[in-house]
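Colleague: Given chain E, put chain V in place with the hints provided.
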Amino acid sequence: DAKTTQPPSMDCAEGRAANLPCNHSTISGNEYVYWYRQIHSQGPQYIIHGLKNNETNEMASLIITEDRKSSTLILPHATLRDTAVYYCIVCGSGNTGKLIFGQGTTLQVKP
Amino acid sequence: ETGVTQSPTHLIKTRGQQVTLRCSSQSGHNTVSWYQQALGQGPQFIFQYYREEENGRGNFPPRFSGLQFPNYSSELNVNALELDDSALYLCASSLIMWGGTNEQFFGPGTRLTVL
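Note that the protein sequences, when read in sequence, are chains E and V. If you're matching positions, the first sequence starts at -5 in my numbering and goes up one per residue. If you're matching positions, the second sequence starts at 2 in my numbering and goes up one per residue.
The following block holds chain E by itself, in its conformation from the complex:
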């Protein structure tokens, strides 16, 4: 079973920030939080990951709470092409390649 809980769906206006929450209250000390997204009929796309510090890259920002029990993925200026299913995944470091996907959050960006 997935170790994360996400809302099933969210809407966001084009050009506004999209904030996608994720709960992972049972996360272990050596487990990272990964975010992937899947645009319809395509393979999942890696977005960002973090351990305990906030992270930012060209796609998004990841805010992890101090107790690491939840996180938020931020798309600063959502576009219509950001409409996708977003998956929050908790995964150990090193050789554990098993990504356990839950149901994810379907983000609908509206004009």
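Hints in this document: simulated from the structure, not taken from any laboratory. All C-beta atoms in this analysis are idealised placements derived from N, C-alpha and C, irrespective of residue type, glycine included. Treat the hints with care, since some could be wrong.
Stated by the list, open to error - Listed below are several chain E residues computed to face chain V (Cβ distance under 8 Å; list not exhaustive):
#1 Q36
#2 G37
#3 P38
#4 Y40
#5 K92
#6 L93
#7 I94
#8 F95
#9 G96
#10 Q97
#11 G98
Modeller: Below, chain V without anything else, positioned relative to chain E:
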């Protein structure tokens, strides 16, 4: 840099047949993972290959098997196909370094339909 590619894109088989799906890893990656994604569900981990050896397996029966070749390309074989095997099969490659993180990069998938 070449991304992950999969072939074929679509495939139709009948129940009881066997199928082989292929994946070419992203350049420089040493690990391949396979996932099954049923309609409306998140991907489910089948297994992973690292340096040509199976390195972890999900809850799938032995009729799902795989290979990884020295050039890090991979095959997924499914014997005795069942109707429930109809799904999108995704291949993901990554560079595993002990103690490091491993972002996985997915191919576009193969859509398998079993009739």
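Colleague: Determine for every hint whether it applies to the structure shown.
Modeller: Structure-based check of each hint:
{"no.": "1", "hint": "Q36", "in the structure": "holds, 6 Å"}
{"no.": "2", "hint": "G37", "in the structure": "holds, 3 Å"}
{"no.": "3", "hint": "P38", "in the structure": "holds, 5 Å"}
{"no.": "4", "hint": "Y40", "in the structure": "holds, 5 Å"}
{"no.": "5", "hint": "K92", "in the structure": "holds, 5 Å"}
{"no.": "6", "hint": "L93", "in the structure": "holds, 6 Å"}
{"no.": "7", "hint": "I94", "in the structure": "holds, 7 Å"}
{"no.": "8", "hint": "F95", "in the structure": "holds, 3 Å"}
{"no.": "9", "hint": "G96", "in the structure": "holds, 6 Å"}
{"no.": "10", "hint": "Q97", "in the structure": "holds, 6 Å"}
{"no.": "11", "hint": "G98", "in the structure": "holds, 6 Å"}
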